[in-house]
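Novice: Residue numbers (the working numbering), protein chains in the order written: chain A, 1 to 112; chain B, 113 to 224.
Hints in this document: simulated from the structure, not taken from any laboratory. Don't take each hint at face value.
Said to hold, decoys possible - Listed below are the simulated DSSO-like cross-link pairs for lysine-lysine, each with C-alpha atoms no more than 27 angstroms apart in a straight line:
id	chain 1	residue 1	chain 2	residue 2
1	A	K57	B	K216
2	A	K65	B	K154
3	B	K154	A	K18
4	A	K69	A	K57
5	B	K154	A	K71
The structure displayed is predicted, hence computed values, not measured ones.
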Amino acid sequence: EAQVTQNPRYLITVTGKKLTVTCSQNMNHEYMSWYRQDPGLGLRQIYYSMNVEVTDKGDVPEGYKVSRKEKRNFPLILESPSPNQTSLYFCASSLSPGQPQHFGDGTRLSIL
Amino acid sequence: GESVGLHLPTLSVQEGDNSIINCAYSNSASDYFIWYKQESGKGPQFIIDIRSNMDKRQGQRVTVLLNKTVKHLSLQIAATQPGDSAVYFCAEINSGYSTLTFGKGTMLLVSP
Numbered sequence: 001e002a003q004v005t006q007n008p009r010y011l012i013t014v015t016g017k018k019l020t021v022t023c024s025q026n027m028n029h030e031y032m033s034w035y036r037q038d039p040g041l042g043l044r045q046i047y048y049s050m051n052v053e054v055t056d057k058g059d060v061p062e063g064y065k066v067s068r069k070e071k072r073n074f075p076l077i078l079e080s081p082s083p084n085q086t087s088l089y090f091c092a093s094s095l096s097p098g099q100p101q102h103f104g105d106g107t108r109l110s111i112l
Numbered sequence: 113g114e115s116v117g118l119h120l121p122t123l124s125v126q127e128g129d130n131s132i133i134n135c136a137y138s139n140s141a142s143d144y145f146i147w148y149k150q151e152s153g154k155g156p157q158f159i160i161d162i163r164s165n166m167d168k169r170q171g172q173r174v175t176v177l178l179n180k181t182v183k184h185l186s187l188q189i190a191a192t193q194p195g196d197s198a199v200y201f202c203a204e205i206n207s208g209y210s211t212l213t214f215g216k217g218t219m220l221l222v223s224p
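Modelling step: build the complete structure from the supplied sequences, incorporating the hints.
Specialist: Written out as structure tokens, the structure is:
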């Protein structure tokens with residue numbers, strides 16, 4: 001089954017404790033992206049990747065890092081999480097930016 | 113998730129009615145548009161797309177209309193069913209910049 005898998009689905013942690021949210025897709029897609037979703041603000045793009053070893057900032061990249069060492073994986077790293085990063089996060093992938101993206105089911109992060 | 117629906121415009125319809133969800137986009141250079149459906153606890157799911165060289169596209173029970181003059185996009189759902197209840201987002205892409213921008217979303221509530 002074609003899918004985008006995120007882990008964990010839920011995480012409660014404390015300020016400053018590094019965390020990684022993993023994302024994996026099995027569709028051989030080149031384009032991958034991370035979004036955060038907040039009430040009243042909708043979905044905003046954090047980072048995206050056009051291909052292996054190619055990543056670029058989206059609209060809200062501050063406080064986040066990503067890497068793309070393999071085509072299937074695109075982890076999101078919060079080196080020193082802060083409460084304003086409490087949000088619902090989605091990973092997505094597509095063949096190219098001009099194609100519909102497939103989304104994971106989301107990761108709800110709470111930073112205390 | 114449940115918090116997605118807060119602060120969103122809401123459209124309430126009866127089962128069997130036709131629904132029209134509207135979206136104003138911001139960038140006149142956007143050349144590709146997508147409608148997504150998001151059910152509670154899930155990631156956005158692709159419904160239908162349209163490129164800027166078209167003004168109408170039909171799918172199964174759904175039609176998307178694009179008016180580039182006023183930068184307006186609409187999603188029409190025929191014979192709306194309770195299973196259509198969800199948040200609906202439009203998204204615009206400028207293929208030259210590889211970034212996807214989402215609208216804030218509209219919650220559709222379908223009562224039996």
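Novice: Please work out if A:K69 and A:K57 have their alpha carbons no farther apart than 27 angstroms.
Specialist: With a Cα-Cα distance of about 17 angstroms, the restraint between A:K69 and A:K57 holds, given a limit of 27 angstroms.
Novice: Would you mind confirming whether the straight-line C-alpha gap from B:K154 to A:K18 stays at or under 27 angstroms?
Specialist: holds (26 angstroms)
Novice: Is the hinted pair A:K57 and B:K216 satisfied, with a Cα-Cα distance of at most 27 angstroms?
Specialist: holds (21 angstroms)
Novice: Would the hint linking B:K154 and A:K71 be met if the CA-CA limit is 27 angstroms?
Specialist: holds (24 angstroms)
Novice: CA of A:K65 to CA of B:K154, is that 27 angstroms or under?
Specialist: Holds, at roughly 24 angstroms.
Checked against the numbered hints given earlier, the structure satisfies every one of them.
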